[in-house]
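Knowing the structure of chain A, use the given hints to seat chain B on it.
First to last, the sequence lines map onto chains A and B.
What the first sequence shows, in the numbering used here, is residues 1391 to 1753, in sequence order.
What the second sequence shows, in the numbering used here, is residues 31 to 180, in sequence order.
Derived by calculation from the structure, the hints in this document are not laboratory data.
Quick caveat, the model's predicted, so the values are computed rather than measured.
A portion of the hints provided could be inaccurate.
[What the hints assert, rightly or not] Chain A is faced by these chain B residues, among others (derived, beta-carbon under 8 Å):
1. L43
2. E54
3. G84
4. V103
5. E107
6. T115
7. G116
[Said to hold, decoys possible] Now the stretches of chain A that chain B is said to cover, found in silico as 3 or more residues with beta-carbon under 8 Å:
8. 1676-1684
9. 1736-1743
Ideal Cβ positions, reconstructed from N, Cα and C, are used throughout, including at glycine.
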Amino acid sequence: MLRGSGPCGTCSPRGPSGRSEREAAQPRLGIVILNPFSVVAAFAAVLRVVLGVLVVVVGVRALRRPSGAGEERYHLLLGLGVTLLGLGVLSWPLLYLVLDSYVPANGGPAWPGVMCGQGVARVGTGSVGPASLLPGLLAFLAVMKPLLVFVAGACLVLHLADRQRRTGALARRALAAFTLFGVLAVADSAAETGYLLIPKQEKFLAAGCCAAHAAAEAPPPPVAPPPTQRAPLTAAFLGVGAALVLALTAAIGRGGRWLALAFPLALLSLPLGLLFLCDVAAPTFLRLPYHRCAFCLARLRPETLLGIALYVLGAFGVGWAVAARLAARGGGTGEGISFPLLRMARFGYLGALLMAGVMLVSA
Amino acid sequence: MKVPPRLPGALALAAIGALPLVAERLRAPVERCAMDGVKVARPFRVRVVADDGGARAFCGVTCAEAWLRSSGVAPREILVTDGATGREIDAAAAWFVRTVANRSDGAPDAVRVFAGREDAERHAEAYGGTVLSGANRPFGGGKARAARDS
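Chain A extracted, bound-state conformation (with noise of 0.2 Å):
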């Protein structure tokens, strides 16, 4: 093996090493990265927090009053909370645009090796300093994003449910989802405030010449099962998914007893999706055998954002549905309300396997 001319015998210390060619002039990551999308990201999250502590400053002033006492509280409560909401759905793609306008190809900093957001969202492993909670604060917000836009429309279902009967019977109710609505924004709008400011540089302990050779060999992430092993999880999800209109269905018709059947399939149907997105969607809809990378499907196949917006709303749906329920039961009429939301969770199951179906057809 010929080798160059460094100290170690291995690289060369006149290199500028793990810098990109063309752009070995630019000065290294260091800084907060600063972008249209990182800056409205970051006012968002600073809002967010605002309302968001103002909810919960609210909300826990009212609940401390007698019950019907405080109706022009509720009132503010729910206008700040609607408020939250429609932040707290925008912020959920606005973080994922983020992510992707961090990708070098797309004007982001020249980390090495970073393709996609999925690469972005390593950036920050291993490392010491600040940039290691880079990843973990993003794991958190990945939990959290869905999170909040389901605690909000819980909170949305509980709030139709008590005006629909007119006798406040769910007020406390609502109000305590709303104030937990609150708690749950102020951390997620933190952790992304968080992540955004955090500069993006890793410092890893080994940090001499041959460590940026070292990470320059790092492995690749883990590749998709190959298509045999594709099939079941395939009849899964199909499966599991046609259950679910079907038992919707059959709890539009029939009445609630069949949505005991739809929730925990409901439940099972968000770990089950989230496998085929990454294991069989994007292979297959990219046609790419062996590249299992969500983010780049929704990038080179952004038609896919429909679908798991679909799949996200029918699981949603299913949830609300039950919410709704339990309401009717603490003296709501949350019973009406859930045949809407059961229906819109058809709909969302329908549309998400139709697209799929097709997909996979003409993959």
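Frame of chain A; chain B shown alone:
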């Protein structure tokens, strides 16, 4: 005229079903890496021609090697691009450098290809890295390579 209550939903579902087909038709053809879907940059392109005559393009040497390992395909021909001239050459006649210079498109490829030994050594000198030889050469061994390395 009264609209049947199920018609809007059915139309929406039909539109959802048609969307992937329409999107596929509208997409402009772009040469993408057969391993990870990165847009293939001409200076780093690797082409693998399989025994059945089918050719696949890759964004770099690392992806081409990973694909060959995963697929088990026996290549009839592997063509790499000379980093100095942009010319396509046979991989068996090329010089490879494991570099520490990043690619600005983020492609996970740390191997550079050169037709001439001097160009390869100049790159290793300028950016840091190692000229690969023997068993470390990408795409396995080969008579021509073994003869040259000795």
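Hints, one by one, checked against the model:
1. Interface hint status for L43 (chain B): upheld, as the beta-carbon distance to the closest one in chain A is roughly 6 Å, under 8 Å.
2. About 7 Å separates the beta-carbon of E54 (chain B) from the nearest beta-carbon of chain A, less than 8 Å, and the hint is met.
3. Taking 8 Å as the C-beta cut-off, the interface hint given for G84 (chain B) is violated, the closest approach to chain A being about 13 Å.
4. At a threshold of 8 Å, the smallest CB-CB gap from V103 (chain B) to chain A is about 11 Å, leaving the interface hint violated.
5. Given hint, E107 (chain B) at the interface with chain A, is violated; its Cβ is 21 Å from that chain's nearest Cβ, farther than 8 Å.
6. With its C-beta approaching chain A no nearer than about 16 Å, T115 (chain B) sits outside the 8 Å limit, and its interface hint is violated.
7. With its C-beta approaching chain A no nearer than about 14 Å, G116 (chain B) sits outside the 8 Å limit, and its interface hint is violated.
8. Counting residues of the region 1676-1684 of chain A whose CB lies closer than 8 Å to any CB of chain B gives 6, so the stated coverage by that chain holds, three being the minimum.
9. Under the rule that three or more residues need a Cβ within less than 8 Å of chain B, the assignment of the region 1736-1743 of chain A holds, with 3 such residues.
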